[in-house]
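Line order of the protein sequences matches chains A and B.
Counting along the first sequence from 1, when you hit position 68 you're at 68 in my numbering, and nothing is skipped either side.
Counting along the second sequence from 1, when you hit position 249 you're at 249 in my numbering, and nothing is skipped either side.
Misleading hints may appear alongside valid ones.
Identical chains blur together in the list; that is why a pair holds if it fits in one copy or across any two.
Stated by the list, open to error - The calculated DSS-like cross-link candidates involving lysine-lysine, where the alpha carbons are at most 27 Å apart (straight line), are:
hint, residue 1, residue 2
1, Lys-217, Lys-276
2, Lys-122, Lys-252
3, Lys-83, Lys-156
4, Lys-281, Lys-263
5, Lys-276, Lys-25
6, Lys-217, Lys-25
7, Lys-259, Lys-26
8, Lys-25, Lys-83
9, Lys-259, Lys-129
10, Lys-259, Lys-276
11, Lys-281, Lys-156
12, Lys-269, Lys-294
13, Lys-294, Lys-102
14, Lys-25, Lys-142
15, Lys-281, Lys-32
16, Lys-102, Lys-32
17, Lys-252, Lys-32
18, Lys-276, Lys-32
19, Lys-281, Lys-217
20, Lys-281, Lys-259
21, Lys-156, Lys-25
22, Lys-263, Lys-26
23, Lys-26, Lys-122
24, Lys-122, Lys-294
To be clear, the hints were calculated from the coordinates, so they are not data collected in a lab.
There are 2 protein chains.
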Amino acid sequence: MAIRGDWFYEESESWPGQAFGIRIKKILYEGKTMFQEVLVFESTDYGNVLVLDGVVQATERDEFAYQEMITHLAMMSHQNPQKVLVVGGGDGGCVREVLKHKSVQRVDLVEIDRTVIDLSLKYLPEMSKYLNGYESENQESKNDPRVHVHICDGFKYLAEHTDQYDIIISDTSDPDGPAEQLFGKNYFQLLNQALTSQGVIAMQASENIWLRLDILKSLQETCSEVFPVVNYASTCVPTYTSGQLGLLLCAKDKNTNLKQPQKSWEDVKLNNASNKYYNEKIHASSFVLPTFVKRFISN
Amino acid sequence: MAIRGDWFYEESESWPGQAFGIRIKKILYEGKTMFQEVLVFESTDYGNVLVLDGVVQATERDEFAYQEMITHLAMMSHQNPQKVLVVGGGDGGCVREVLKHKSVQRVDLVEIDRTVIDLSLKYLPEMSKYLNGYESENQESKNDPRVHVHICDGFKYLAEHTDQYDIIISDTSDPDGPAEQLFGKNYFQLLNQALTSQGVIAMQASENIWLRLDILKSLQETCSEVFPVVNYASTCVPTYTSGQLGLLLCAKDKNTNLKQPQKSWEDVKLNNASNKYYNEKIHASSFVLPTFVKRFISN
């Protein structure tokens with residue numbers, strides 16, 4: 001990460017020689033928690049921006065392209081998701097998307113870093129609005145009683161919960177920071193155990209197709225040791241590295257079809273819920289890979 | 001455009017508040033032609049980079065994602081493309097892709113700025129190799145006798161050629177520079193007249209979905225005044241603004257289906273030609289739009 005003049009640049013050794021820049025209007029918060037470095041700034045054109053350990057997590061302008069896709073690709077692959085777990089996701093974006101589904105009875109959010117939630121409530125209100133009122137462990141959200149927030153380690157939480165969740169969304173930061181262990185086989189086994197029999201996982205795959213395809217391949221292979229169905233999807237987000245982010249979808253039941261929505265959005269959405277990015281056609285097309293990627297990723 | 005230290009940043013008033021940065025290893029050429037400012041540099045991680053009027057046109061690392069898509073979306077929508085025109089495209093990337101099709105008998109490249117070809121021959125050899133030997137008007141390429149290069153204004157060239165081309169690829173720079181008139185109705189009418197009855201156009205749409213959707217909508221509407229079939233596709237290119245570029249596909253015959261390949265790649269490709277990005281599935285998926293775009297663009 002570098003700030004030069006009034007520009008933030010997402011520089012990292014993980015993507016050498018390239019850096020997306022966002023122009024800063026005002027720095028809103030800069031600090032270091034027990035877990036990571038946190039930066040929040042108001043940008044000139046992308047709304048407020050949340051940065052963890054130098055990596056853009058969300059901007060108000062394009063966050064929906066990630067939040068909707070990681071959430072609805074999983075939710076729409078399950079016939080009747082009632083109980084949902086979000087690991088990470090302290091900005092609240094995935095929780096907001098999960099709540100659009102009328103089948104949902106409960107969403108648990110497990111975030112290790114309280115500061116991320118607090119800053120999101122303050123600076124990313126449209127993403128975090130359903131986390132409002134999380135202060136006491138297990139207290140219901142003021143805006144939706146289906147939401148329960150837990151400030152703890154996702155790894156530990158999963159070990160204590162088996163056979164409970166229809167959907168788990170692993171909305172973590174990249175493996176360089178506190179989320180490091182959330183990209184290993186032990187974690188995938190815990191995810192699998194926490195799922196119900198028809199359960200589906202969506203996780204951000206950290207790597208995109210333009211960076212380390214070997215790492216992406218290795219991640220998919222590790223997932224495949226645990227889950228019988230593993231597919232790679234991607235979504236386009238201008239402020240994410242290389243403009244693209246990979247998502248790994250995994251199912252516990254070998255007959256699950258993740259690559260096509262299993263129901264109609266109009267039938268499952270709650271009230272006036274609507275999407276800006278996700279639709280049933282984009283569900284299927286998000287699994288289509290360029291030729292050079294197919295050598296590494298089997299879909 | 002800005003160069004700070006050893007970084008090139010693609011800054012522009014057309015995309016305020018954002019700037020993709022590419023790290024410079026060595027500046028190879030910096031100059032101003034009659035038509036535009038030209039910069040070529042060797043980057044640390046993206047190979048050699050061609051920049052016109054401050055906008056990245058191609059990097060050796062990801063150029064195929066654009067060159068293959070703009071070319072093959074059009075070529076694969078036509079049953080038997082024999083004669084092809086590329087307007088702009090002085091880097092030679094589209095010509096290279098066109099030549100992969102065994103049906104092709106002749107490709108004319110019309111580039112207004114000789115410097116772009118000369119620099120591409122020198123610094124982007126894998127893109128420009130089929131332009132080799134262009135020095136005399138109408139002289140055949142040394143590497144492929146099907147190629148003919150013309151150094152002249154595309155507008156003027158089109159006015160002198162009617163009912164001749166099965167495919168026209170409008171591979172121009174953005175409308176702010178010398179390509180300004182190549183985004184207006186008069187140009188689209190000339191394109192239409194230059195096509196044979198089953199002819200297909202592919203043009204870079206300048207705007208991507210994250211910038212000015214109103215301009216994109218207006219461009220599509222203008223095209224629709226001339227062509228009975230107009231569809232919008234997109235391709236992901238990390239070093240293009242917002243990581244995405246829009247392509248407009250237009251057909252002269254109202255029964256043309258642009259959104260599905262009309263033949264098998266294996267059947268039409270020449271010898272050992274292969275693609276890194278394009279495949280038949282990605283052809284169809286490139287026309288699928290996020291929900292927020294569908295309000296502006298009808299596909």
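Hints versus structure:
For the homomeric pair Lys-217 and Lys-276, the shortest alpha-carbon distance between copies (17 Å) is at most 27 Å, but the shortest distance inside one copy (30 Å) is not. Neither within a single protomer nor between protomers do Lys-122 and Lys-252 lie at most 27 Å apart by alpha-carbon distance, with minima of 37 Å and 54 Å respectively. Taking the shortest alpha-carbon separations for Lys-83 and Lys-156, only the intra-copy value of 19 Å comes in at or below 27 Å, while the best inter-copy value is 64 Å. Taking CA atoms no more than 27 Å apart as the test, Lys-281 paired with Lys-263 passes in both settings, with 12 Å inside one copy and 22 Å between copies.
Within a single copy, Lys-276 and Lys-25 get their C-alpha atoms as close as 26 Å, which meets the 27 Å cut-off; across copies the closest is 40 Å, which misses it. Taking the closest pair of Cα atoms, Lys-217 and Lys-25 never come within 27 Å of each other, the shortest separation being 39 Å inside a single copy and 30 Å across copies. Proximity of Lys-259 to Lys-26 under the C-alpha cut-off of 27 Å is found in neither arrangement, the shortest distances being 41 Å within a copy and 44 Å between copies. In the homo-oligomer, the alpha carbons of Lys-25 and Lys-83 never lie at most 27 Å apart, since the shortest distance is 40 Å inside one protomer and 52 Å across protomers.
When the C-alpha separation of Lys-259 and Lys-129 is checked against a cutoff of 27 Å, the pair qualifies neither within a copy, at 30 Å, nor between copies, at 40 Å. In this assembly of identical chains, Lys-259 and Lys-276 lie within 27 Å of each other by CA distance both inside one copy and across copies; the values are 20 Å within and 23 Å between. In the homo-oligomer, the alpha carbons of Lys-281 and Lys-156 never lie at most 27 Å apart, since the shortest distance is 37 Å inside one protomer and 41 Å across protomers. Proximity of Lys-269 to Lys-294 under the C-alpha cut-off of 27 Å is restricted to the inter-copy arrangement: shortest distance 19 Å between copies versus 34 Å within a copy.
For a Cα distance limit of 27 Å, the shortest separation of Lys-294 from Lys-102 across copies, 25 Å, qualifies, whereas the shortest one inside one copy, 36 Å, does not. Taking the closest pair of Cα atoms, Lys-25 and Lys-142 never come within 27 Å of each other, the shortest separation being 32 Å inside a single copy and 54 Å across copies. Proximity of Lys-281 to Lys-32 under the C-alpha cut-off of 27 Å is found in neither arrangement, the shortest distances being 41 Å within a copy and 45 Å between copies. Taking identical chains as interchangeable, the C-alpha atoms of Lys-102 and Lys-32 are never at most 27 Å apart, the minima being 38 Å within one chain and 60 Å between chains.
In this assembly of identical chains, the alpha carbons of Lys-252 and Lys-32 never lie at most 27 Å apart, being 38 Å within a copy and 60 Å across copies at closest. Neither within a single protomer nor between protomers do Lys-276 and Lys-32 lie at most 27 Å apart by alpha-carbon distance, with minima of 33 Å and 42 Å respectively. For a Cα distance limit of 27 Å, the shortest separation of Lys-281 from Lys-217 qualifies both inside one copy, at 26 Å, and across copies, at 21 Å. Taking identical chains as interchangeable, the C-alpha atoms of Lys-281 and Lys-259 lie at most 27 Å apart whether they share a chain (10 Å) or sit on different chains (13 Å).
Proximity of Lys-156 to Lys-25 under the C-alpha cut-off of 27 Å is found in neither arrangement, the shortest distances being 39 Å within a copy and 46 Å between copies. Taking the shortest Cα distances, Lys-263 and Lys-26 never come within 27 Å of each other, neither inside one copy (44 Å) nor across copies (54 Å). Taking the shortest alpha-carbon separations for Lys-26 and Lys-122, only the intra-copy value of 15 Å comes in at or below 27 Å, while the best inter-copy value is 44 Å. In this homomeric assembly, Lys-122 and Lys-294 never come within 27 Å of each other (Cα to Cα): the closest approach is 42 Å inside a single copy and 32 Å across copies.
When held up to the earlier numbered hints, the structure conflicts with 2, 6, 7, 8, 9, 11, 14, 15, 16, 17, 18, 21, 22 and 24 and fits the remainder.
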